[in-house]
Amino acid sequence: MAWLQTELRLPPRRRGFHLITSEVEAAIEGLEKLRVGILHVFIQHTSASLSINENADPDVPRDLEMAFNQIARENFPYVHTMEGPDDMPAHVKASMIGSSVTVPIKDGGLCLGTWQGIYLCEHRDRGGPRRLVLTLHGE
Amino acid sequence: MAWLQTELRLPPRRRGFHLITSEVEAAIEGLEKLRVGILHVFIQHTSASLSINENADPDVPRDLEMAFNQIARENFPYVHTMEGPDDMPAHVKASMIGSSVTVPIKDGGLCLGTWQGIYLCEHRDRGGPRRLVLTLHGE
Amino acid sequence: MAWLQTELRLPPRRRGFHLITSEVEAAIEGLEKLRVGILHVFIQHTSASLSINENADPDVPRDLEMAFNQIARENFPYVHTMEGPDDMPAHVKASMIGSSVTVPIKDGGLCLGTWQGIYLCEHRDRGGPRRLVLTLHGE
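Protein chains in written order, with the working numbering: chain A, 1 to 139; chain B, 1 to 139; chain C, 1 to 139.
Be aware that one or more of the hints could be misleading.
As the list claims (entries may be wrong) - Only pairs whose alpha carbons sit at most 20 Å apart, straight line, appear in this in silico EDC-like list of lysine to aspartate or glutamate:
hint	chain 1	residue 1	chain 2	residue 2
1	C	K106	C	E29
2	C	K106	A	E7
3	B	K106	B	E25
4	B	K106	C	E29
5	A	K106	A	E29
6	A	K33	A	E139
7	A	K106	B	E7
8	B	K106	C	E7
9	A	K106	B	E29
10	B	K33	B	E139
11	C	K106	C	E32
12	C	K106	A	E29
13	A	K33	A	E23
14	C	K33	C	E139
15	A	K106	A	E25
16	B	K106	B	E29
17	A	K106	A	E32
18	B	K106	B	E139
As the list claims (entries may be wrong) - The following label-pair restraints were derived from C-beta to C-beta distances:
hint	chain 1	residue 1	chain 2	residue 2	range
19	B	P129	A	R62	25 to 31 Å
20	A	A26	C	N75	44 to 50 Å
21	B	G128	A	R9	35 to 41 Å
22	C	D86	B	P12	30 to 36 Å
23	C	P77	A	N75	22 to 28 Å
24	C	D86	A	N69	26 to 32 Å
25	C	N75	A	R62	27 to 33 Å
26	A	G108	B	D59	42 to 48 Å
None of these hints come from the bench; they were simulated from the model.
Using N, Cα and C, we set each Cβ at its ideal position, and we do this for glycine too.
Generate the whole structure from the sequences, applying the supplied hints.
Next up, the structure:
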């Protein structure tokens, strides 16, 4: 039985949806020793989020970015605007998409479906580096 | 202390929100022995999702389907359209609703509220069978 | 290694987004003894939800409420309307935002980012008291 917790610092990325599955896998040591467990991935920010979605066609993250921009529009009578027009929609998307993903562990690896990848959803125009907390628990 | 992991294969369902609480409960052996714990339910697909919502009035899942269709419209200038007009909205809904639900375990059962049920949200017109990974951990 | 589970009853709050981080922290005994772990916060209702978002500017929760009201409108041809025009949009928001949040535990405290807080998102006009189940697990 083991608990493992580590911080993963992601470099700045442009606004949009970015696959980070391999960065997450590289950051967690001891994964291959677990027969069963859960990986919890948490982002310590409120203007970016984490999601699991299609990992193959690069048009999918582009379309996701476009769709969420249309759902949580910048052109809206927000009061909290001092950090720019992209800030408040970023908070809306963060609550909509969520600050964590959890993935089952099976036989030493992430038990994702064939077409699933973990995404960093960067909702700010200039979000800067992002800090994740990875917590792995299993046996 | 126990970890239990099992796969649950759901038969194809039409597009919409479908209660699967009893199928999930039937699939997890040993639940009744746990005093406290967490059940993690994960879907290995990116065009369907999992949610917890009202389990009583069949109009609720119908209205949920209608509302999410209006929020993530098919009539939108998506680039990724080769899998049909229902595909990209399905990915948007998957990121919005999420690929997993977690439920506390208490005294040998799911600790859901009276009106809560677990939903498979099938976002494709012909989604086919869906594969879930159930991971139960507790003592 | 420890499991701790407790119920937290929140008093009625008006419709909107309400910070509950300190109420959650006050309700979990033994947190300070854990080096590493996960806190699972679950709401046993389907017309309110839980989220993590910006904890500083009170305009943010006001804007979140306004934005989600615009995304899940009351003015929509819902069938399930017997509980009032605010009920079905509340269910839509519950599926969109989610019924639980999970927070990593590190060195005896919640491992939240500087600007992160836990929100009760009350989607009903008169939602009444709300029941949360807190499940803490770690070592």
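Against the structure, the hints come out as follows:
1. C:K106 to C:E29: 15 Å, holds
2. C:K106 to A:E7: 11 Å, holds
3. B:K106 to B:E25: 14 Å, holds
4. B:K106 to C:E29: 18 Å, holds
5. A:K106 to A:E29: 15 Å, holds
6. A:K33 to A:E139: Answer holds: K33 of chain A to E139 of chain A is near 8 Å, not above 20 Å.
7. A:K106 to B:E7: 11 Å, holds
8. B:K106 to C:E7: 11 Å, holds
9. A:K106 to B:E29: Distance ~18 Å between K106 of chain A and E29 of chain B Cα, so the pair holds.
10. B:K33 to B:E139: This hinted pair holds, its Cα atoms lying about 8 Å apart.
11. C:K106 to C:E32: The given pair, whose Cα atoms are some 9 Å apart, holds under the 20 Å limit.
12. C:K106 to A:E29: 18 Å, holds
13. A:K33 to A:E23: 19 Å, holds
14. C:K33 to C:E139: 8 Å, holds
15. A:K106 to A:E25: 14 Å, holds
16. B:K106 to B:E29: 15 Å, holds
17. A:K106 to A:E32: 9 Å, holds
18. B:K106 to B:E139: 10 Å, holds
19. B:P129 to A:R62: 25 to 31 Å: Given a distance of about 29 Å, which is inside 25 to 31 Å, the answer is holds.
20. A:A26 to C:N75: 44 to 50 Å: 48 Å, holds
21. B:G128 to A:R9: 35 to 41 Å: This hint holds: roughly 39 Å between Cβ atoms.
22. C:D86 to B:P12: 30 to 36 Å: Given a distance of about 35 Å, which is inside 30 to 36 Å, the answer is holds.
23. C:P77 to A:N75: 22 to 28 Å: 26 Å, holds
24. C:D86 to A:N69: 26 to 32 Å: 27 Å, holds
25. C:N75 to A:R62: 27 to 33 Å: Roughly 32 Å apart at Cβ, these two residues keep to the hinted range, so it holds.
26. A:G108 to B:D59: 42 to 48 Å: 45 Å, holds
The structure meets every hint from the earlier list without exception.
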